[in-house]
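A.B. asks: Quick one: dock chain against chain with the hints and give me the complex.
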Amino acid sequence: MKIHEYQAKEILRSFGVAVPNGRVAATPEEAGAIAQELGGRAVVKAQVHAGGRGKAGGVRVVSGPDEAAEFARGLLGGNLVTAQTGPQGVPVNTVLVEEPVDIAQELYLSVTVDGAAKAPVIIASAAGGMEIEEIAEHSPEKITQVHIDPLIGYQPFIGRRVAAALGLDAAQGRAFGALLGGLIRAFSEKDLSMIEINPLVVTGEGALLAADGKINTDENAHFRHRDLLDLRDAEQEDPLERVANERGVQYVKLDGDVGCMVNGAGLAMATMDVISQVGHAPANFLDVGGGGSEEQVAEAFKIIVSDPDVKKVLINVFGGILRCDVVANGIVSAYREVDVKAPIIVRMTGTNADEGAEILNSSGILVAVAADLNDAAAKVAEIG
Amino acid sequence: MSILVGEDTRVLVQGMSGREGTFQTERCIAYGTNVVAGVTPGRGGTTHIDRPMYDSVKEAVEQAGANVSLIFVPAAFATDALLEAAEGGVELIVCITDGLPTLDMAQVAQYLTKTGVRLIGPNCPGLTSVRERQKVGIIPGNIHQEGRIGIVSRSGTLTYEAVSQLTALGIGQSTCVGVGGDPIIGLRHRDVLELFENDPETDAVVLIGEIGGTAEQEAADYIRDHMSKPVTGFIAGATAPPGRRMGHAGAIITGTAATAEAKKDALRDAGCYVADSPGQIGITVQRMLTERRIGF
Chain G
1 MKIHEYQAKE ILRSFGVAVP NGRVAATPEE AGAIAQELGG RAVVKAQVHA GGRGKAGGVR
61 VVSGPDEAAE FARGLLGGNL VTAQTGPQGV PVNTVLVEEP VDIAQELYLS VTVDGAAKAP
121 VIIASAAGGM EIEEIAEHSP EKITQVHIDP LIGYQPFIGR RVAAALGLDA AQGRAFGALL
181 GGLIRAFSEK DLSMIEINPL VVTGEGALLA ADGKINTDEN AHFRHRDLLD LRDAEQEDPL
241 ERVANERGVQ YVKLDGDVGC MVNGAGLAMA TMDVISQVGH APANFLDVGG GGSEEQVAEA
301 FKIIVSDPDV KKVLINVFGG ILRCDVVANG IVSAYREVDV KAPIIVRMTG TNADEGAEIL
361 NSSGILVAVA ADLNDAAAKV AEIG
Chain Y
1 MSILVGEDTR VLVQGMSGRE GTFQTERCIA YGTNVVAGVT PGRGGTTHID RPMYDSVKEA
61 VEQAGANVSL IFVPAAFATD ALLEAAEGGV ELIVCITDGL PTLDMAQVAQ YLTKTGVRLI
121 GPNCPGLTSV RERQKVGIIP GNIHQEGRIG IVSRSGTLTY EAVSQLTALG IGQSTCVGVG
181 GDPIIGLRHR DVLELFENDP ETDAVVLIGE IGGTAEQEAA DYIRDHMSKP VTGFIAGATA
241 PPGRRMGHAG AIITGTAATA EAKKDALRDA GCYVADSPGQ IGITVQRMLT ERRIGF
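Those protein sequence lines, which keep their order, are chains G and Y. The numbering used here applies: residue 1 is where the first sequence begins, and numbers increase by one. The numbering used here applies: residue 1 is where the second sequence begins, and numbers increase by one.
Incorrect hints may have been included.
Claimed, not checked - Covered, in the sense of this in silico footprint (three residues per stretch, anywhere, with C-beta under 8 angstroms from a C-beta of chain Y), are these stretches of chain G:
| hint | region |
| --- | --- |
| 1 | 256-270 |
| 2 | 274-282 |
As the list claims (entries may be wrong) - Facing chain G, from chain Y, some residues (calculated, C-beta under 8 angstroms):
| hint | residue |
| --- | --- |
| 3 | Thr157 |
| 4 | Tyr160 |
| 5 | Glu161 |
| 6 | Thr167 |
| 7 | Ala238 |
| 8 | Ala240 |
| 9 | Arg244 |
| 10 | Ala249 |
| 11 | Ile252 |
Stated by the list, open to error - Partial selection, computed: residues in chain Y whose CB lies under 10 angstroms from chain G:
| hint | residue |
| --- | --- |
| 12 | Glu20 |
| 13 | Ala76 |
| 14 | Leu103 |
| 15 | Met105 |
| 16 | Gly237 |
| 17 | Pro241 |
| 18 | Thr254 |
| 19 | Asp276 |
Honestly, the hints are just simulated from the structure, not real lab data. Cβ coordinates follow ideal geometry from the N, Cα and C atoms, glycine included.
Pulled out of the complex, with its shape left as it was, chain Y reads as follows (with noise of 0.2 angstroms):
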């Protein structure tokens, strides 16, 4: 069983009869992910690329079994699909919208922490199971090679960065999971690690962070007091003036904490092995894993 999803995966999407929410379920049903539901308030007792739509996902949960919910719907709309999902009983929730109003994510998170459901997002890639083939979220599928090493990530694009030295070094992928570059987002790099370690199926991580906020000193704190996997960073931003918002609202500056080179520095203090160049990110994890002597 690899990390947050799958055999027993069973995924709804909220806003799957949209364009971006067809294109991007399309690609998941052909990499393997069980979709067994789309939920869109009105399309209810219709079919949408042969998957049963329901009205609600209450409904998609009741009647299809879904415990996932994947969600492409507007940001003006997404808090209240956020919220019905978290009600409507689904164990795992990946929102790939952006542009989520920041205090409605708090009252998000809160609700969600209070009930015990994990939230991947907003504003984030999803997340991949490489060695169980399921997609559910919009990393592209043939830049992934079956493996032992997890990746946690904020951003998207970077993350494929990532993949793909990892993948040209033949160094395959368990789970690869972006969990977003918003100020508050569900799980976050610390809790995502906590799940590799505690993975049979991975051997290593690669964590990659950027400016802005200390996420990253979370998690290397938690790697020097709790991982035994070895861990391999790189963090975004180097060149980034402060006070400076840089695309990801969470992605800004703020004190000494926020920049990238406190964030690496914690991160060797932890033992993490530290890319200095994002084209070394790679190379770093071979390196890793030679010294370590892990198989890949």
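Isolated chain G, as found in the complex (with noise of 0.2 angstroms):
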């Protein structure tokens, strides 16, 4: 799960990561009155879950109280379209005022999972303020990267290694270690799948200091991390897609036309990529999953119908756990809710595949049925 920027810092804050003086403001009049209290200049900073804010006008560092209100304004109760959102972009409730840091150099500094090594690591860079895939793409040299060992956790040799590769002064070393040693305690204590601070501040003074802070959480811990839900902004969601989470269906919004209910996560990838060989593409990703009850498989349905850019549904299920027989059931009580206009083509196979198609027959509900899945690629293009 994503956090807003503000979220992050007060984490890291908790965990001995300095971050300039600020607080987060609901309205412009807080807004100004923040950047009054940290001395009149302050940057202001629209919180939303996407990246590139900076370029899409998200971003600005203000003279004083009245600019912070005014920018302030013209972004709250807006959306903003980044390079990372859609073309509707995302709503922008609040806004982060800090204090300016007075930079002196720009680090990069994140933690996250590496799958092939099975273990937490570190990545960090003395090219601080790009996007890291741009530092490994322009200075791959300038990349280090350090694994933590889970049965060992955080050492201080692991902060010294990182600090001596970022080219830091002894003084500094220290401080990092300190920073890079909280930084892990929170990863591992709040159970989270990525820590990415960018840029890490070396000031002219010497300090270091956290000026931008993304985290996202691991959703498989939240049953141990309470809290953690409360940083939910469900409002940075597609609408759909919050629904769906909220049924247990796994959906994700996309820009085509064919609606698809699939279960299991890698058919329903495979089922969009055969949607879009036949030269359309498929409205969203949709994994009914394996103990999907009858219920569940009318809501995913609803949810798929509901999408006013659905033109087309196609429905691709290798029956295992689930049952055909459940999935067409599911199907034909939605189909009698809710006013369907959009056609409907059916590929069911495996258990209970024959019961499934009987059902749906018996039904009178129009649907067109597949034999395999070139033949509902095949008829996807063909139909409506």
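C.D. replies: Dropping the structure here:
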């Protein structure tokens, strides 16, 4: 789960990582007042779950409280469109107002999980301020990666190794070790999947300051971090995704017009691929899950057809744990509750496929039955 | 002897008395799997679906001679179950449970590496030795045909799709392994390829990958440098947008190496046959077998 920068910085601060003074504001007046407290000059940053805010006009250094309030007024209540959002953007409901940072040097520091090494990894670079992908492309020699053995955890030698790679002097190295230790403790105690500080600023006085902070949490671990659930901002999510999420369906909204319902993430991606190979585009990713019930299938179906972009629906189910008759019953019950105009193409195979086909046939719902994946793709192209 | 499981396999099931555990264990037994025990704390001394129950893995290993553990316990208890299985003395663990915290898996994976115990999963469909009728997982038994093609995949139903395409063309399978869709798993594609390369009952391999991570590139490196047997690959997720998680926790494009195109290129460069469409996995394998003059 993504959280806002101001929330990430609160977590970092609680683990001893220095961040700029500042607070979050929900109104222009508050933004102005915070700028006043900070001495006038301030940085105002739109709080959205998307990168690329600076280039999109979501961040500005302001000269005083009036400008802070004015800039906040322009952002709050509107949507910010960045390179990482869709064309509709994401709503800006809060801004972070911080004191400006005196930058002598910008570093890059992140902690994430390396699946190949089966361990958390620290990624650091002296070329901060750029996206890590850019650094990797232009100056890969400036990237240092150090793994943390999960059975040992963070030790000071790890901090010394990374600090040396960053070219920090002895005093800065000690401060950096303390900061990195706090970062790793936050990562493990909060079950995070990513912390990225870019830039980590070396100030004119030689202090280290996290000028930006991005944190993703591991949703699989939320059961033991109820406090993290309070940080969720559902308004940053697509409305259909939010509904699907609440109903236990894995759904991601996409740009195309063929709605699809599939069991299993791999097959769902493969179904999206086959749709695009016949010149169409998927309107969504949807995995009804292995243990899906009739109700869950019905909810999933309703979510798909409630998307105004959907012009056709492809249902592709390989019955295993999830039986095809359960899927068919779910579709039929949902179909009777909502007004469905899009033609429906169904491919069902595996457990109880014949029973499922019979339920759909006798229901009177107009569906095209596809024999296999290729046939399903062909029918997506032909029908409608 | 097929890979990972075979005629010497003696399975204990952790979480066998639960709804899912019961349902799936019955299907394993019906397929022919040698299930010798169930483990549910507090149920020791009873029987369930005609198998003795034990309170701990250690007892099931010592008293029932189990050497493989199949795990169905809920996510919040699965880390404990995994470590208990490893400490309890089994040689192979297959964890079907999904939703394990990633950092728990990091600890488990490091501990397993140090103890030499193999893990398939978590968040996986498990594996089936078709030739020796040992199904340790949830892959439907009736889609297989016995043969000499090995399959390694991340996902469940896409694996069934590939298997059924092969079976429809009369191409049988030796062992079918679903390694799981999480960021940190036990055996990875590369590890299973090595087992297939050394398996006298496997002539060729189907590798099914997806967006996210670099497991397919590691696999491609192994294929290029060490494999004599031909491989057909397919990568799901060519149409997935970057930065969005496609169901599996590991299926997210972060950086160019994680894209379907980069992975397909790596496989092609390693000399693999690559199916561009998921509907063409079967016929691509058929073409590979014909061109490489491998009977099936």
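A.B. asks: None of the hints should be skipped; say for each whether it holds.
C.D. replies: For each hint, the structure was consulted:
1. 256-270: Answer holds; 9 residues pass the 8 angstroms Cβ test.
2. 274-282: Holds, because 6 residues of the region 274-282 of chain G bring their Cβ atoms closer than 8 angstroms to Cβ atoms of chain Y.
3. Thr157: holds (3 angstroms)
4. Tyr160: holds (5 angstroms)
5. Glu161: holds (6 angstroms)
6. Thr167: violated (11 angstroms)
7. Ala238: OK, holds: Ala238 of chain Y within 8 angstroms of chain G, min 5 angstroms.
8. Ala240: holds (6 angstroms)
9. Arg244: holds (5 angstroms)
10. Ala249: Cβ of Ala249 of chain Y sits 7 angstroms from chain G, so the hint holds.
11. Ile252: Violated, about 10 angstroms.
12. Glu20: holds (7 angstroms)
13. Ala76: holds (6 angstroms)
14. Leu103: holds (6 angstroms)
15. Met105: Holds, about 8 angstroms.
16. Gly237: holds (4 angstroms)
17. Pro241: holds (7 angstroms)
18. Thr254: holds (9 angstroms)
19. Asp276: holds (8 angstroms)
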